[in-house]
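If you want the building blocks of each chain, they are given just below.
Protein chains: 2
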Amino acid sequence: QGTRDHPPAHTALRDRLLAAVVACFKRHGAVAIDTPVLELRETLMGKYGEEAKLIYELQDQGGELLALRYDLTVPFARYLAMNKITNMKRYHIAKVYRRDNPATTRGRYREFYQCDFDIAGQFDPLIPDAECLKILHEILSDLQLGDFLIKVNDRRILNGIFAVCGIPESKFITTCCTVDKLDKVPWEEVRSEMVGEKGLSPEAADHIGEYVQLHGGLELIERLLQDPKLSQNKLAKEGLGDMKLLFEYLTLFGITGKISFDLSLARGLDYYTGVIFEAVLLQQENDHVEEPVSVGSVAGGGRYDGLVGMFDPKGRKVPCVGVSIGIERIFSILEHRMKASGEKVRTTETEVLVATPHKHLLAARLKLISELWGAGIKAEMLYKKDPKLLKQLQYCEDTGIPLAAIVGEQELTDGVVKLRDVATRVEVRM
Amino acid sequence: QGTRDHPPAHTALRDRLLAAVVACFKRHGAVAIDTPVLELRETLMGKYGEEAKLIYELQDQGGELLALRYDLTVPFARYLAMNKITNMKRYHIAKVYRRDNPATTRGRYREFYQCDFDIAGQFDPLIPDAECLKILHEILSDLQLGDFLIKVNDRRILNGIFAVCGIPESKFITTCCTVDKLDKVPWEEVRSEMVGEKGLSPEAADHIGEYVQLHGGLELIERLLQDPKLSQNKLAKEGLGDMKLLFEYLTLFGITGKISFDLSLARGLDYYTGVIFEAVLLQQENDHVEEPVSVGSVAGGGRYDGLVGMFDPKGRKVPCVGVSIGIERIFSILEHRMKASGEKVRTTETEVLVATPHKHLLAARLKLISELWGAGIKAEMLYKKDPKLLKQLQYCEDTGIPLAAIVGEQELTDGVVKLRDVATRVEVRM
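So the protein lines, in turn, are chains A and B.
FYI, the numbering for the first sequence is 1 to 430, going by our numbering.
FYI, the numbering for the second sequence is 1 to 430, going by our numbering.
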């Protein structure tokens, strides 16, 4: 339930997407690692907050309590701690598992790919964070998905806001989860969850609302740094100072045009400790709406300085920041777009079909195709002893093979091959 | 248990191996598909014979009886039947799961990659089978693994032998499993398992032994076609006739030099119905042994004409033949070889490190690296505000980055970059 087979057209399109993502990760000098699909259940527990209920638990015959990995971040942190690695820039592209209610039309499945890039290590502040945002910007541009926006916030700013609004620290995480819903539901609903379910006072909720509905750029950061309450809070001040430095670096990268400091961004996961971000695609101009409207998150990430330490027996910390691309969501969008435009993906890369125009020439075909394969040429032939030439040419047209190499008795005698351009029907002997 | 993390050096080497395998599969015009890691338990039951005990069964919270896929062949057959596909040439590279006793030094894990290529469809006999063997030959040659041998047999020949030796049909499969051990243990042991565990008469076992210890080429096929007993058996005659045709095609492909018709080859799995094959690597010449000795199977495959029908409600058959490359085994061999030779794999592809020779130049570095990334150049920089030049050059040497692009005050003023060849220390201003 909630999984699917990927037919050739899917797989070809997905491989093309993944190739673009990998190219970007390699451009930024990342190494690749791989970890098992199964983790010990205890490894995943206590890392995901309210989302933990979606972890796919399994029990094997040997009695080990296992779980299918929920993301690639926690396995990465476990890997770093287990191997005592304090410094690594890696990417990992693999399937993860969530017992979510599948919403297959919107590209939400229980088994899906994630593409993660993370930088682990003690470095000068915000330089790795800025690179993660640069990578996200490059990938979304490279994939030509149309207009997008990257929202940025900082967990410390949110916690600072909660503190100055009088929320007890024990309720920071759960309040964070409620704020996180602001991209899907209006403030009124978020407010009533805060007051109802989460037991905040109406005044506190309203106060939070004044902050978390703000978004902007450098000028908003400057304004909040002057905010009489926030500027008194240590966490918020740290977060805002870092946000300012981040925007300086993003300006040097020339990407602030698509970045918004958005105080409603919270991210659901427990493990974030600093900068957090999320990318959304905006409605296309030709959709005839005045305001660009978000059509959903396609990537996210942030800083998690405490996660590796949770796996280290001595609690040694390795600061980390990373970005995760939701390739499945992007895939759904591109697939819809291709269906709409009628564009067809070729599912093979075959360059030439080896064909014969009459009977008793199987041996000639086998010899020629063997030579072509030996020369690294992508070649196919029909698995028939005596196929009709028309059938062979039809196969080229159906599967997009551009050339046919034809050998008949005459060609064999002359020691040549007739090469036919399938589209134009032009033939040359060579 | 029995799984492992793959550090960057592993992953880089494995990606290189997989790229060579994929290149071959694409050269032969295959499409790619992907299926879930989880299958319904009932899908896998009754397909693997005695190996079924190694299936990784799992129960999810929703109560679905699931299993991790055991190979990529059964999911492929299920996919064909579910989608009523009668004709497809596909490859699939993915992890499979077996609850085997892990023998990690020999590259045997519970989670490992398989690389499968299969041809499904009703075609003229043995042409697809020959192509599978050609592919196996190409891959083992491309990977430069040293000398290898591909053993070929046919389930019908084996069954014919069992029949003429007086074995009841109900014992064919179990006898087959015993014969399959001949590559690991001497005939005497196999014989005693036949007589003891499997309850064959000593005469029948001896009779089988006369056949299954034979191996050779076309002349052996011809001889067995004249064998007074075998030639009377319909199955054996069919199998031998097809084997002869297969060898004709393999001769046209020019690969018979590394192919041996070997009557001891049985393959453990239930689902094979015709041609079966297995590739083994032979001891290297420099190992100073007189006879080349097998160092284990690295690939196998065969024809399975009944498997798709088992998933079709009306039992409609789709004949299939395929080859599976045991990339993990090959990986272990290459890894040992690289360790022995001291060769080092680069784990990144970074072309240039952006460096600065003195303080207060972080902005210059961020701007230059951004330009390089924009131009598709693989570039890194240290995540330090003011790193020492020596540290930066050391990083190049440690990670194999060939070039450093250096910007200092002078270069900024002149509008140039100093490009340094890390190995030769030659610098040019550009």
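Honestly, the hints are just simulated from the structure, not real lab data.
Fair warning: this is a prediction, and the values are worked out from it, not measured in the lab.
Incorrect hints may have been included.
[Unchecked claim] A short, non-exhaustive set of chain B residues, derived as facing chain A with CB atoms under 7 Å: (1) T11; (2) D34; (3) E39; (4) L40; (5) Y79; (6) I221; (7) E351; (8) P357; (9) W373; (10) A375.
[What the hints assert, rightly or not] In silico DSS-like links for lysine-lysine, alpha-carbon gap of 27 Å or less: (11) B:K258 with A:K385; (12) A:K171 with A:K84; (13) B:K258 with A:K258; (14) A:K84 with B:K344.
Beta carbons: idealized from backbone N, C-alpha and C, even for Gly.
Against the structure, the hints come out as follows:
1. T11: Holds: closest Cβ of chain A sits about 4 Å from T11 (chain B), inside 7 Å.
2. D34: This hint holds: D34 (chain B) lies near chain A, its Cβ roughly 4 Å from the closest one there, short of 7 Å.
3. E39: Violated - the Cβ of E39 (chain B) stays beyond 7 Å from chain A, reaching only about 9 Å at its closest.
4. L40: Violated. Min distance 10 Å.
5. Y79: holds (5 Å)
6. I221: Status violated, d = 19 Å.
7. E351: For E351 (chain B), the interface hint is violated, since the closest Cβ of chain A sits about 9 Å away, which is over 7 Å.
8. P357: violated (18 Å)
9. W373: holds (6 Å)
10. A375: violated (10 Å)
11. B:K258 with A:K385: With Cα atoms ~25 Å apart, K258 (chain B) and K385 (chain A) stay inside 27 Å; holds.
12. A:K171 with A:K84: Roughly 33 Å separates the two Cα atoms, so the pair is violated.
13. B:K258 with A:K258: Given that 27 Å is the threshold and the Cα spacing comes to 59 Å, the pair is violated.
14. A:K84 with B:K344: It holds: about 22 Å lies between the C-alpha atoms, which stays within 27 Å.
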